[in-house]
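We have chain A; now place chain B onto it with these hints.
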Amino acid sequence: MAQPLVKKDDDRDEDADYSPFLGIEKGAVLQEARVFHDPQLDARRCSQVITKLLYLLNQGETLTKVEATEVFFAVTKLFQSKDIGLRRMVYLMIKELSPCADEVIIVTSSLMKDMNSRTDLFRANAIRVLCRITDGTLLTQIERYLKQAIVDKNPVVASAALVSGIHLLQTNPEIVKRWSNEVQEAVQSRAALVQFHALALLHQIRQNDRLAVNKLVASLTKGTVRSPLAQCLLIRYISQVIKESGVNSQAGDRPFYDYLEGCLRHKAEVVIFEAARTITELSNVTTRELTPAITVLQLFLSSSKPVLRFAALRTLNKVAMTHPMAVTNCNIDMESLISDQNRSIATLAITTLLKTGNESSVDRLMKQITNFMSDIADEFKIVVVEAIRSLCLKFPLKYRSLMNFLSNILREEGGFEYKKAIVDSIVILIRDIPDAKESGLLHLCEFIEDCEFTYLSTQILHFLGNEGPKTSDPSKYIRYIYNRVILENATVRASAVSTLAKFGAMVDSLKPRIFVLLRRCVFDNDDEVRDRATLYLNTLGDGSVAETDKDVKEFLFGSLDIPLTNMETSLKNYMQDPTEEPFDINSVPREVKSQPLAEKRAAGKKPAALSTPAAAPTSAADAYERLLSSIPEFASFGKLFKSSTPVELTEAETEYSVNVVKHIYDSHVVFQYNCTNTIPEQLLENVTVIVDASDAEEFSEVGTKPLRSLPYDTPGQTFVAFEKPEGVPAVGKFSNVLRFTVKEVDPSTGEAEDDGVEDEYQLEDFEVVAADYILKVGVSNFKNAWESLGPDGERVDEYGLGPRESLAEAVSTVINLLGMQPCEGTEAVPSNSRSHTCLLSGIYIGNVKVLVRLSFGIDGAKEVAMKLAVRSEDENVSEAIHEIVASGMYKVQTILEEEDQKLKNLRKEMGKDAYEAVGTALMEGNWYSPRGRYPVLVLWNYKEQHSKKEFVT
Amino acid sequence: MLLAVLIANSEGNILVERFNGVPAEERLHWRSFLVKLGADNLRGVKNEELLVANHKSVYIVYTVLGDVSLFVVGKDEYDELALAETIFVITSALKDVCGKPPTERLFLDKYGKICLCLDEIVWKGLLENTDKDRIKRLIRLKPPTDF
Numbered sequence: 001m002a003q004p005l006v007k008k009d010d011d012r013d014e015d016a017d018y019s020p021f022l023g024i025e026k027g028a029v030l031q032e033a034r035v036f037h038d039p040q041l042d043a044r045r046c047s048q049v050i051t052k053l054l055y056l057l058n059q060g061e062t063l064t065k066v067e068a069t070e071v072f073f074a075v076t077k078l079f080q081s082k083d084i085g086l087r088r089m090v091y092l093m094i095k096e097l098s099p100c101a102d103e104v105i106i107v108t109s110s111l112m113k114d115m116n117s118r119t120d121l122f123r124a125n126a127i128r129v130l131c132r133i134t135d136g137t138l139l140t141q142i143e144r145y146l147k148q149a150i151v152d153k154n155p156v157v158a159s160a161a162l163v164s165g166i167h168l169l170q171t172n173p174e175i176v177k178r179w180s181n182e183v184q185e186a187v188q189s190r191a192a193l194v195q196f197h198a199l200a201l202l203h204q205i206r207q208n209d210r211l212a213v214n215k216l217v218a219s220l221t222k223g224t225v226r227s228p229l230a231q232c233l234l235i236r237y238i239s240q241v242i243k244e245s246g247v248n249s250q251a252g253d254r255p256f257y258d259y260l261e262g263c264l265r266h267k268a269e270v271v272i273f274e275a276a277r278t279i280t281e282l283s284n285v286t287t288r289e290l291t292p293a294i295t296v297l298q299l300f301l302s303s304s305k306p307v308l309r310f311a312a313l314r315t316l317n318k319v320a321m322t323h324p325m326a327v328t329n330c331n332i333d334m335e336s337l338i339s340d341q342n343r344s345i346a347t348l349a350i351t352t353l354l355k356t357g358n359e360s361s362v363d364r365l366m367k368q369i370t371n372f373m374s375d376i377a378d379e380f381k382i383v384v385v386e387a388i389r390s391l392c393l394k395f396p397l398k399y400r401s402l403m404n405f406l407s408n409i410l411r412e413e414g415g416f417e418y419k420k421a422i423v424d425s426i427v428i429l430i431r432d433i434p435d436a437k438e439s440g441l442l443h444l445c446e447f448i449e450d451c452e453f454t455y456l457s458t459q460i461l462h463f464l465g466n467e468g469p470k471t472s473d474p475s476k477y478i479r480y481i482y483n484r485v486i487l488e489n490a491t492v493r494a495s496a497v498s499t500l501a502k503f504g505a506m507v508d509s510l511k512p513r514i515f516v517l518l519r520r521c522v523f524d525n526d527d528e529v530r531d532r533a534t535l536y537l538n539t540l541g542d543g544s545v546a547e548t549d550k551d552v553k554e555f556l557f558g559s560l561d562i563p564l565t566n567m568e569t570s571l572k573n574y575m576q577d578p579t580e581e582p583f584d585i586n587s588v589p590r591e592v593k594s595q596p597l598a599e600k601r602a603a604g605k606k607p608a609a610l611s612t613p614a615a616a617p618t619s620a621a622d623a624y625e626r627l628l629s630s631i632p633e634f635a636s637f638g639k640l641f642k643s644s645t646p647v648e649l650t651e652a653e654t655e656y657s658v659n660v661v662k663h664i665y666d667s668h669v670v671f672q673y674n675c676t677n678t679i680p681e682q683l684l685e686n687v688t689v690i691v692d693a694s695d696a697e698e699f700s701e702v703g704t705k706p707l708r709s710l711p712y713d714t715p716g717q718t719f720v721a722f723e724k725p726e727g728v729p730a731v732g733k734f735s736n737v738l739r740f741t742v743k744e745v746d747p748s749t750g751e752a753e754d755d756g757v758e759d760e761y762q763l764e765d766f767e768v769v770a771a772d773y774i775l776k777v778g779v780s781n782f783k784n785a786w787e788s789l790g791p792d793g794e795r796v797d798e799y800g801l802g803p804r805e806s807l808a809e810a811v812s813t814v815i816n817l818l819g820m821q822p823c824e825g826t827e828a829v830p831s832n833s834r835s836h837t838c839l840l841s842g843i844y845i846g847n848v849k850v851l852v853r854l855s856f857g858i859d860g861a862k863e864v865a866m867k868l869a870v871r872s873e874d875e876n877v878s879e880a881i882h883e884i885v886a887s888g889m890y891k892v893q894t895i896l897e898e899e900d901q902k903l904k905n906l907r908k909e910m911g912k913d914a915y916e917a918v919g920t921a922l923m924e925g926n927w928y929s930p931r932g933r934y935p936v937l938v939l940w941n942y943k944e945q946h947s948k949k950e951f952v953t
Numbered sequence: 001m002l003l004a005v006l007i008a009n010s011e012g013n014i015l016v017e018r019f020n021g022v023p024a025e026e027r028l029h030w031r032s033f034l035v036k037l038g039a040d041n042l043r044g045v046k047n048e049e050l051l052v053a054n055h056k057s058v059y060i061v062y063t064v065l066g067d068v069s070l071f072v073v074g075k076d077e078y079d080e081l082a083l084a085e086t087i088f089v090i091t092s093a094l095k096d097v098c099g100k101p102p103t104e105r106l107f108l109d110k111y112g113k114i115c116l117c118l119d120e121i122v123w124k125g126l127l128e129n130t131d132k133d134r135i136k137r138l139i140r141l142k143p144p145t146d147f
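Respectively, the protein sequence lines represent chains A and B.
Just so you know, the first sequence maps onto residues 1 to 953 in the UniProt record's numbering.
Just so you know, the second sequence maps onto residues 1 to 147 in the UniProt record's numbering.
So that you can see chain B by itself, here it is in the shape it has in the complex:
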């Protein structure tokens, strides 16, 4: 299960937060845990360089892209490698939507599109689509070209 996808700005403010199967009372805890993890480790990290951590049986893969930091959290079949796959899809979709690694402003400008992308990528905790070109077409309700 993909437990969470979280996108924050460089100061640790949440821009997008999607949880699956995480009880409401634990979400705040996760949010602050992830933001702290990012603050501790993401300084000076290159775009899309992946970092990884685990907390009990839960894995976390995170990275920066432009001004925003991305975190994906998973457990069971979504181990660090599956999460790396997921975060790769998310970053490439983000770059596609924004045209480059986004500044915070650019990210917010494209907020609606980004929400749609995430909706195509993660469906209630399961990875659904992995191809950025297909995602690009899907969010405009265009059928994919590759079938």
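Pulled out of the complex, with its shape left as it was, chain A reads as follows:
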């Protein structure tokens, strides 16, 4: 037993700071550990030494292998002592030392003896120690005892064995799985904790057997669960069972819901919370199911316990993403939490409110947040800034107050990450909300007047150079930029010079004045600044008001179109052989050798605002455009209209992984096949894709660009180009075969054999669809944009989409079909709603602006009807959108178009209306009788009850 290591003082306060471990040192303690070898063991002394050792280990001190072995052997001697306290310390010490396998043998016999001891607590501890240090072979020897221990009548012994079982399951699953009968018995134990541990272990043993878990859960919900902890586990397992049992959307008869609801009235808060959270996480949860859970969470919000407040808020925050309306009742409680002592709670409250708040509450909320911002740490502030950014994108009309807020906090003290988050947000808002551009740029200008971060200053200057000249009054930014040249360090000065040059190049009227400023920069004391100024003075012309050359603009605004890694290798090679010739940048290969996996990952991410230079949202497109224009065969195709996201043509983890990016030009399409070879023993050469376009009548192949070599794990691209009628959104299906020469590679040397074998590899088909011809471009204010387009180019029609899984599924199908940008967050459908309006915007091929207003309605039989209103600058385009939807929706349902030649002919001969009428009739035939189409009799008033117009608003 641990005794104070110094004499107890009566007057504690005097030396309260004095630590009993003051000046403790490993060497000295190891010396002291020799007392373990004494023939007459002093139990108290030994305990003290062990305490010191524990203290050292807990402080992060480590023992060398030799020291640990020595201490371990010494400690094993202490098994001779009969002192109970010391024995307990010895158990702990052995666990802490966790000896290696060859040493374990020393203690096993002592521990085995203890395991069969009549003292229960010896048994429990011996089990825990043995399981900690044991390996598989030893485990089979003691398995018998462990099985007995699981059903031991002493709960401590049973728990020890069960918890050991949970740990051993990781290392020796096959052995532990044999204990399931005993564990099953322990689940019925009357000791609360034994039941808890047994339930955890039993579930882990059976987690892959869905039926068994189902049975376990069902039996426990009927029986008694003794500890709140076990009940929490049970609720979690129930949630898993519900998830796996598939969607059972018929309200009211979800399995186990009644049990969960009952748990909301349990006396332990842990259980109530667990049940409430599980209910909120049910898929397709209805408002009726949700209400009781939200009610208890609301009660927790005003609990005196911070942990409960936090937990409830965290859950509500998640609910707010899917069911914002359900959470609005709690808004008042959450608003009071903004001033919560605990900053984590306050931040969560803010971010939840920002999600649930509506347009009218934004201003009030911003006021509250302003008071709160000054006294939280930077990492919390960043969370708030991000929430405000998404709020602003949701309510673009509120940009003024939100932008003001951002600019205010930008002026306050803060670290780099925080400031960067604010600047990023402002940049994103400027980009997505055109109205916010001018004020946003001015806020940024003011910020760089007093910005301590060089990185942010240069990034803002770069951004300003690209956006500033396009504003209505570019001259007002010059002052801020030239101030940088006077006041800042060399890096910022150099960026400012570049920015000035961009203004000069773009705004002809400013050019003479910019020249005056640039000439002053020639006398800067930094050579980079001087060089840049001289360069720009020479490239921008003679300083007169005249249009700048296209080449010069290209030079200023274009980015380096050579992959930096290639540039680096070329320069290294150049440096290696000394030569008189100057370095020729054209000698740098432009092919992207290794396409880092990061690109794939980045595709899913939101583009970071400033970290990617130039305009981030278009950067992927820019990269593609640069890549394609560097290939001479494709250079004549004109401007790239759209590049699709990569479509996978192989299953995951196949020998060769290939995806395709569809690049659309006005009268061409180029397929970029990104290939990766995942076999280290192979080198592929002359890789091409043979495309069969027989199902794409309007396309004809005009060229391919093979990939010369594709080594292991280094992605490469091959291209195939097609011609199509100009400006026509031609669609079709393409089947693909990868053809290549494969060469064996010796893995040890990495060298390939000389002879290769021709081979082919079947890829999956893909289609060029109508959505490929529409660019996703959002508008900030849909209503204004809609009205400005006027009713002349408007086309309205109604569609029956047939039975769908849900309204949300129907909405996302149509959005994907059109490939347009959802506006004002209308792509999210509140679950259980019967109707929904979705707003889309985009640019149709030929640069025609298109706006779409979709109104959906769903009836009890899950039949979805849709009203589609399209406005565009060109009524033919409006017509085309309808055609896409008409053909697309039918295709989605039955692939009528492809399988039915008669229908195709009908369309050709009689036009869209006849085609649709027949199509609808055929579809309706299908819905009524899935086994075959035949006419059925319906009640005379059936049509009235279910008319689609009824729920189209």
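Please note that a few of the clues may not be correct.
[What the hints assert, rightly or not] Using 30 Å as the maximum straight-line C-alpha spacing, the simulated DSSO-like pairs for lysine-lysine come out as follows:
1. A/LYS367 x B/LYS132
2. B/LYS56 x A/LYS305
3. A/LYS77 x B/LYS136
4. A/LYS95 x B/LYS132
5. B/LYS56 x A/LYS394
6. B/LYS136 x A/LYS147
7. A/LYS95 x B/LYS95
No wet-lab data here; the hints were simulated from the structure.
Chain B in isolation, oriented as in the chain A frame:
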């Protein structure tokens, strides 16, 4: 999994530190993160008043007891409520061992016992015992009374 139990004195020096399933190279980072969290938020907090934070998918519940501050870190099934349960067991065991909310000195005086208590409460990242009276008996190798 209970990732960590950490006890520090009022100046942020570590008194007890037990990690489970945290790679060695991340421990130092966690230690300084927790100590900073405590320094930022624990001033003026009453004994046993719980504070809570989360960092990515990891939860942290922490409090003060006398001169020492306690932190427990968990993830997955050990969410904030389970951690609150855990820290409650630890504080009540501490009070039991020390007889009152401990000063740093008292804590160090009872260091050995405290280690044993923690050993009974947390077993390699799993909560094992929750009853303070039982823990009190267990660390003296006495069988529990309640069965």
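Original post:
Looking at the structure, which of the earlier hints fail to hold?
Top reply: Per hint list: single violation, 1.
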